[in-house]
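J.: These are the residues of each chain, in order.
Protein chains: 2
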Amino acid sequence: MDLGEIKRPTLILDPEKVRKNIERIAGRIEEGKTIFRPHFKTHQSAEVGEWFKEFGVSAITVSSVQMAGYFSQHGWKDITIAFPFNKLEIREVNRLAREVNLNLLVESDDIIEFLDKEINQPVKIWIKIDTGYHRAGISWKDTDQIAMLVKKIKQSQLLDFKGILTHAGHSYDAGCRDEIKLIHQESVARMTELRFELAALGIDNVEISIGDTPGCSTAEEFCDVDEIRCGNMVFYDVMQLYLAACRKEDIAIALACPVVAIHPKRNEFVVYGGAVHLSKDYVLDSENRKIYGLMAFPGKMGWGSVEKETFVRSLSQEHGVIKTVPRVLNRLKIGDIVMVLPVHSCLTANLMKGYRTPSGDFISTASY
Amino acid sequence: MDLGEIKRPTLILDPEKVRKNIERIAGRIEEGKTIFRPHFKTHQSAEVGEWFKEFGVSAITVSSVQMAGYFSQHGWKDITIAFPFNKLEIREVNRLAREVNLNLLVESDDIIEFLDKEINQPVKIWIKIDTGYHRAGISWKDTDQIAMLVKKIKQSQLLDFKGILTHAGHSYDAGCRDEIKLIHQESVARMTELRFELAALGIDNVEISIGDTPGCSTAEEFCDVDEIRCGNMVFYDVMQLYLAACRKEDIAIALACPVVAIHPKRNEFVVYGGAVHLSKDYVLDSENRKIYGLMAFPGKMGWGSVEKETFVRSLSQEHGVIKTVPRVLNRLKIGDIVMVLPVHSCLTANLMKGYRTPSGDFISTASY
Numbered sequence: 000m001d002l003g004e005i006k007r008p009t010l011i012l013d014p015e016k017v018r019k020n021i022e023r024i025a026g027r028i029e030e031g032k033t034i035f036r037p038h039f040k041t042h043q044s045a046e047v048g049e050w051f052k053e054f055g056v057s058a059i060t061v062s063s064v065q066m067a068g069y070f071s072q073h074g075w076k077d078i079t080i081a082f083p084f085n086k087l088e089i090r091e092v093n094r095l096a097r098e099v100n101l102n103l104l105v106e107s108d109d110i111i112e113f114l115d116k117e118i119n120q121p122v123k124i125w126i127k128i129d130t131g132y133h134r135a136g137i138s139w140k141d142t143d144q145i146a147m148l149v150k151k152i153k154q155s156q157l158l159d160f161k162g163i164l165t166h167a168g169h170s171y172d173a174g175c176r177d178e179i180k181l182i183h184q185e186s187v188a189r190m191t192e193l194r195f196e197l198a199a200l201g202i203d204n205v206e207i208s209i210g211d212t213p214g215c216s217t218a219e220e221f222c223d224v225d226e227i228r229c230g231n232m233v234f235y236d237v238m239q240l241y242l243a244a245c246r247k248e249d250i251a252i253a254l255a256c257p258v259v260a261i262h263p264k265r266n267e268f269v270v271y272g273g274a275v276h277l278s279k280d281y282v283l284d285s286e287n288r289k290i291y292g293l294m295a296f297p298g299k300m301g302w303g304s305v306e307k308e309t310f311v312r313s314l315s316q317e318h319g320v321i322k323t324v325p326r327v328l329n330r331l332k333i334g335d336i337v338m339v340l341p342v343h344s345c346l347t348a349n350l351m352k353g354y355r356t357p358s359g360d361f362i363s364t365a366s367y
Numbered sequence: 000m001d002l003g004e005i006k007r008p009t010l011i012l013d014p015e016k017v018r019k020n021i022e023r024i025a026g027r028i029e030e031g032k033t034i035f036r037p038h039f040k041t042h043q044s045a046e047v048g049e050w051f052k053e054f055g056v057s058a059i060t061v062s063s064v065q066m067a068g069y070f071s072q073h074g075w076k077d078i079t080i081a082f083p084f085n086k087l088e089i090r091e092v093n094r095l096a097r098e099v100n101l102n103l104l105v106e107s108d109d110i111i112e113f114l115d116k117e118i119n120q121p122v123k124i125w126i127k128i129d130t131g132y133h134r135a136g137i138s139w140k141d142t143d144q145i146a147m148l149v150k151k152i153k154q155s156q157l158l159d160f161k162g163i164l165t166h167a168g169h170s171y172d173a174g175c176r177d178e179i180k181l182i183h184q185e186s187v188a189r190m191t192e193l194r195f196e197l198a199a200l201g202i203d204n205v206e207i208s209i210g211d212t213p214g215c216s217t218a219e220e221f222c223d224v225d226e227i228r229c230g231n232m233v234f235y236d237v238m239q240l241y242l243a244a245c246r247k248e249d250i251a252i253a254l255a256c257p258v259v260a261i262h263p264k265r266n267e268f269v270v271y272g273g274a275v276h277l278s279k280d281y282v283l284d285s286e287n288r289k290i291y292g293l294m295a296f297p298g299k300m301g302w303g304s305v306e307k308e309t310f311v312r313s314l315s316q317e318h319g320v321i322k323t324v325p326r327v328l329n330r331l332k333i334g335d336i337v338m339v340l341p342v343h344s345c346l347t348a349n350l351m352k353g354y355r356t357p358s359g360d361f362i363s364t365a366s367y
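As they're listed, the protein sequences go chains A and B. Numbering follows numbering that gives the first Met the number 0, in which position 251 of the first sequence is assigned residue number 250; successive positions increment by one, without gaps. Numbering follows numbering that gives the first Met the number 0, in which position 77 of the second sequence is assigned residue number 76; successive positions increment by one, without gaps.
Treat the hints as calculated values from the structure; they're not laboratory data. Quick caveat, the model's predicted, so the values are computed rather than measured. Glycine included, C-beta positions come from ideal geometry on N, C-alpha and C. Accuracy of the hints is not assured; some may be wrong.
[To be verified] Partial list, computed: chain B residues near chain A (C-beta under 10 angstroms): (1) 110; (2) 129; (3) 138; (4) 142; (5) 146; (6) 153; (7) 156; (8) 166; (9) 257; (10) 259; (11) 278; (12) 316; (13) 318.
Make a model of the complete structure from these sequences and hints.
T.: Quick look at the structure:
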């Protein structure tokens, strides 16, 4: 990799790793049965989006109306906004629904009545279900309430009921790979049980959509679900690594950081690369220390293997402090570049707004 | 405040509170003795910068070469880049030094030699001292090493030795206001001791520059220091509130967030406003719960008082989940706007890239 042009924190994306990550998920999906509708909030890039098409992807997920607008302008015509519908953006949603096959999330009476009154284009409606994460959605146990909402949607002329959608985000609290699998299976089981109960109430053809990257990465098959929406799997990150949802070599982005100070007495060095580049997300290691990133040396095409006994121990606005051992420190001098693997790639990508590839190409992202 | 135009998370800035915050610090500085060189990394805005001029400020601090470039273009001619000098930006630094009175931070032999060779304009040099934070800098105890660096700087033709500079960032770990004061006093005492020892070695006229907002906010006077560089005090935030470095009513920015879901069973509601707006920084409350923000209702000119028993309990990319009590929940409906006071205003401002005032004006920030 040509480091000559790198003077400041620069986000490097390895296109080969990205393609492998997409292929790994896409390859596990049974064609004609389950749809892969990846979440594009992680990369936020039209160009990276194109790579998904090579694996048959034609429908996507986003997390905001603005992001839907960006990808619509870049040719995506089937978009789910996986965020509780925001009344205040009705005008933008109506405009968007003219251009694309739009899927919206609802979880209350109030919103369905509002949409029925205010929407002027046909849109597909998913009911957001809470299978244990307790962020948004109606509890999977509240069958009657859900059935009532479905009936209300079905009475509307422009609202087309599609199914039930969940994000089992509590998989991020799992302690190990087996626990992720358990949470995933439990979440899918709760969704299928709900579908079964709705059928008993006369509501048929209810599709199931699931989302989280840990669950989708560890699941062996997706036989009971109609759609998977994971997004982080395009890049993965240290959080997914700690969850055992990916391997070190799957992490597809890294922040190139100039070394600005070395402190041999403390076995630490300081890089230009802080919270405004990486975000303040962290994981805890086995000794309960906060880890804000891992480190690798730059390599010919990207970066080498992750250095052991080395981690970002603190971040301030522009500084990163990396704790390490003499073996690593002896290889470093001020002015070198090291590669920091981010803890949460979605937030890092959102902060950095653009990627460079090891061969020097620039990949842009949305800006609004 | 006219909420009509707010559809998405929008950062509101109260100019009156900002001016009061500036005045409070500026008013405690003895004219002709100590210089107030505020850190502009918090607001990153040329317009907000102008307000400091009303209080006699003419010299500033920034955290990156790019930020120095931005404020130089907006008329600031005396700038300290409070970050270890980054060799890889020498060309940009030389360009900048032609335009402004530039102050740089060094902490090693290596960098002084490099600057001596590569700089082509006169620049002022501060030696970064570590008084206990252990991020960057040379330990205040290493008098001999510091004296050696000073001598090296003084031998150079274009490097002009200015003094010793510290950031007592460990004040952020303080448990109470008294502890902040203690850390501040200790840090200043260590700096004056170092100055005394340098004088004994024949090095005179050593200025002292200190930085952190908690320390500067709680100190009653700044008699032993030549310069204070705090920046967060322009806005303050929930972190400073928890440190007792400010009062609730001093917090000068808040994120206006649409309410998108209400969960009475859990006494929670969901807002459009997440980690990409607020950042993932948090404080721990007395029950060891993570607090990602506090909440107030919008008011006539900004927002009202902070609601008790109410806090942002989790953030994902675009969602914020607010834990509250029926008293607050009963006043809310979907589509309302609530105001979230950020935990770390520097990171929130950096993410939002622009402010609106309660009277509807837009204030822009740097973009690079």
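J.: Now tell me, hint by hint, if it's right for this structure.
T.: Here is how each hint holds up against the structure:
no. : hint : result
1   : 110  : holds, 7 angstroms
2   : 129  : holds, 9 angstroms
3   : 138  : holds, 8 angstroms
4   : 142  : violated, 15 angstroms
5   : 146  : violated, 18 angstroms
6   : 153  : violated, 22 angstroms
7   : 156  : violated, 22 angstroms
8   : 166  : holds, 9 angstroms
9   : 257  : holds, 5 angstroms
10  : 259  : holds, 4 angstroms
11  : 278  : holds, 6 angstroms
12  : 316  : holds, 6 angstroms
13  : 318  : holds, 6 angstroms
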